[in-house]
Amino acid sequence: MTKAITVSGLHKSFGSTHALAGLDLEVEAGEVHGFLGPNGAGKSTTIRVLLGLLRADSGAAQLLGRDPWADAVELHRHVAYVPGDVTLWRNLSGGEVIDLYGRLRGGLDPARRADLIERFELDPTKKGRTYSKGNRQKVALVAAFASDVDLLILDEPTSGLDPLMEEVFQGCVEEERARGRTVLLSSHILSEVEELCDRVSIIRKGVTVETGSLADLRHLTRTSITAELAGPPDGLAHLPGVHDLDVQGLRVKLQVDTDKLDAVLRSLTASGVRSLTSTPPTLEELFLRHYQDDATETAPTSTSTSAKAVTR
Amino acid sequence: MTTATARFATRPGGSRQLAGTATLLRFALRRDRLMMPLWVGVIGLLVVSMPNSLKSIYGTAAERADVARQMLTNSSLRATYGPVFSDTLGGLTAWRIGGYAGVFAAIMSLLIVVRHTRDEEETGRQELISSAMVGRRAPLTAALLAALVANGALALLIAGGLAGQGGPGALALGLAVAGVGMVFATMAAIVAQLTESARLAKGLTGGLLGAAFVLKAAGDSATADGSSVLTWISPVGWLEELRSFADERWWVLLLFAAAALVQGAVAYELAGRRDIGMSFLPTRPGPATGRLRTAGALALRLQRGALLGWSLGFLAAGAAFGGITKGASDLVGDNDKTREIIERMGGQSGITDAFLATMVNMLGMVAALYIVSSVLRLHGEETSQRAEPVLANAVGRLRWALGHLTIAFGGSVLIMLLGGFGLALGYGAELGPILGACLVQLPAIWTLGGLAALLYGLSPLLAPGAWGAAGLALLLGWIGPALNIPQTVMDLSPFGHLPKLPGGDMAWTPLLVLTGIAAAATATGLAGLRRRDLST
Chain A
1 MTKAITVSGL HKSFGSTHAL AGLDLEVEAG EVHGFLGPNG AGKSTTIRVL LGLLRADSGA
61 AQLLGRDPWA DAVELHRHVA YVPGDVTLWR NLSGGEVIDL YGRLRGGLDP ARRADLIERF
121 ELDPTKKGRT YSKGNRQKVA LVAAFASDVD LLILDEPTSG LDPLMEEVFQ GCVEEERARG
181 RTVLLSSHIL SEVEELCDRV SIIRKGVTVE TGSLADLRHL TRTSITAELA GPPDGLAHLP
241 GVHDLDVQGL RVKLQVDTDK LDAVLRSLTA SGVRSLTSTP PTLEELFLRH YQDDATETAP
301 TSTSTSAKAV TR
Chain B
1 MTTATARFAT RPGGSRQLAG TATLLRFALR RDRLMMPLWV GVIGLLVVSM PNSLKSIYGT
61 AAERADVARQ MLTNSSLRAT YGPVFSDTLG GLTAWRIGGY AGVFAAIMSL LIVVRHTRDE
121 EETGRQELIS SAMVGRRAPL TAALLAALVA NGALALLIAG GLAGQGGPGA LALGLAVAGV
181 GMVFATMAAI VAQLTESARL AKGLTGGLLG AAFVLKAAGD SATADGSSVL TWISPVGWLE
241 ELRSFADERW WVLLLFAAAA LVQGAVAYEL AGRRDIGMSF LPTRPGPATG RLRTAGALAL
301 RLQRGALLGW SLGFLAAGAA FGGITKGASD LVGDNDKTRE IIERMGGQSG ITDAFLATMV
361 NMLGMVAALY IVSSVLRLHG EETSQRAEPV LANAVGRLRW ALGHLTIAFG GSVLIMLLGG
421 FGLALGYGAE LGPILGACLV QLPAIWTLGG LAALLYGLSP LLAPGAWGAA GLALLLGWIG
481 PALNIPQTVM DLSPFGHLPK LPGGDMAWTP LLVLTGIAAA ATATGLAGLR RRDLST
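First to last, the sequence lines map onto chains A and B.
Mapping of the first sequence onto the numbering used here: position 309 corresponds to residue 309, and the numbering continues sequentially without gaps.
Mapping of the second sequence onto the numbering used here: position 382 corresponds to residue 382, and the numbering continues sequentially without gaps.
Simulated from the structure, these hints should not be mistaken for lab results.
Anything over 12 Å on all C-beta distances counts as not near chain B; from chain A, calculated: (1) Ala29; (2) Asp67; (3) Ala178; (4) Glu195; (5) Gly212; (6) Ser213; (7) Arg218; (8) Glu228; (9) Gly235; (10) Glu285.
Partial pick of chain A residues on the chain B-facing surface, computed with a CB cut under 7 Å: (11) Thr87; (12) Ser93; (13) Gly95.
Even for Gly, the Cβ is constructed at its ideal location relative to N, Cα and C.
Using the sequences and the accompanying hints, generate a full structural model.
Here's what the structure looks like:
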């Protein structure tokens, strides 16, 4: 598989703020890639570098095999972008903006445009300022999905959309995937990411802390286990990777690092299992772990080393 | 439940329309802490430094009396400078700078008012503010009070600074300048209720100010003592009617007060009758499909309204000034004695040409404001985040910028030609020489446009500096000669290097050099734009 986006060791500073501190990102062609991180982690900065709006201080970035800064214009023929906060011109109607953006890219499919306008329930005759936030977002989404491009870069594209429109959006992304287009989706809506994305990258403080398929990532987190045993548990507390152990008679509750699950199960069956429930980690837990780390951890050195360890 | 009701009941009725005004006023003054002192300081210093400058030009009482006599007899000079009511240093100060100070105070005031009213609504910031304990009319009140603070400070500065020339005259001039400011502050308050766009509100109020200025000039040329009805219907003319330092007619101040109060009341009434963010000129729906194909077409679409406004304004201003000049030469023709005086000074056609040249030059300097505003549309598009999605399409920065620059530079040609056309039409003169004179202004206009492109291209932070440069050129051109400013400083303005046409000798070298400078600056700006980060 070819790569749609490859970024390695990307650095970008604004004055004394290091927005990107060696960020890595790989997006395969044809996949929907989730791009996650707390506010201020550097998602939008990365996207702006990928669009050639900002010039990276150092590091390598390639979009569809080309340099996003030097080949910006030629590249943008194949790229559609939806920002998280769409601003429109007050005296241009939504329809005019959709058509303009389409023509400024590789072209626009009129049938798909009409279809999308209907599905998103957008009134294309209204003018800039009279749209609500959600409707401004729809203008950019229709323009992006109707454009004839290979790569969609969506930066929190559904902010302001109602749940029905959120569903329409997810349907559109599925269609894009079916057509073999690549989508980079930056989002905070975890159900959306879980539903849509083949792989995700989580970034924090300008570096990638985790990347992989959701199954891969689940592997890195803890599974909760509740078991009722035939006999008293033995030695569970000393097993590596066991957390929050709570033993009440024959009832055991614990959390275990998913890659250490094997030893725990062995120990449980040794005592005899009467009932067992195992809950895989939710995406929320996955993210919260990283997002909360952001609040507690401050040393930047430990960040970069742990990032290496996890991505390996 | 009862406690909640009681809490609401403590302030009954509609008395809370102004809630939060004090906080909003402090907030406005905080936001304007740089802009306001700068405006007040520059205008105030201009006025206060005038007596000294005049003293160095017209050293003796006899010379000053001579100036006054010239203004009394020569209507075309009067149209440019206004009548003199007293040949004291104070009287000459009021004559030479009063009108311009009033115009600048008006610009300052309209900017302050629109900035804190329509601008806030257009950007959506007002919504959050109004969701707090802020009365419906508090934002407008705070904006007008902010303008009052600025104009009050200006009045004090002028009254104090000129006190040496005569206390009452200084006070009258200070109050009159502030009065013009407040009339246009309240006018801007009305216009801001009518349009949804802050830019349009500023443009329309600026257009009304231009009309008031032209009316005053026409009135000045028509009569020697300012008794023309044209002067009386122009708020800028009232400043003259007050006759500072020459037996002040204090009751004229009532005109300012009445106009400001009536306009303020209208604005208040309108503000209370509409929803936030809405306007009385409604937004119509647009087409469902668009025909814009390129970034250049988008730029034209975005700028066409402003260009249309400038075009009409230049045509009208040209025609009005042409008409004034015609009246002036007719007057000269009728009166043997005046003709004799003027002929001794260089002949009738010489005077008319000189006057036309002054008018063309003035149009040119105002066109510099157009080109700066048009070039800085790039800046506005970038900082409002609208450039980002456009540039994320297959649009190069160069092409995007060139779209706007073409309109800026081409538009300056268009409006100068229209201004010249109006001038020739109003005067009834041959079109060719006047159009030629208008085109000769272009290299200077382009130089300022090039400077704007240069500053913007290097960094969006520098871009507003282009306004400073255009303002400086305007100041030097209008008032520089009277201030006796050293030639090296005068040479800073590109307009100072232009041949004086019609009437003067054509000189190609400065035109080519200025055009070269403009081209180099624009190219450097574009090169910078290609290299730098887009502001986020």
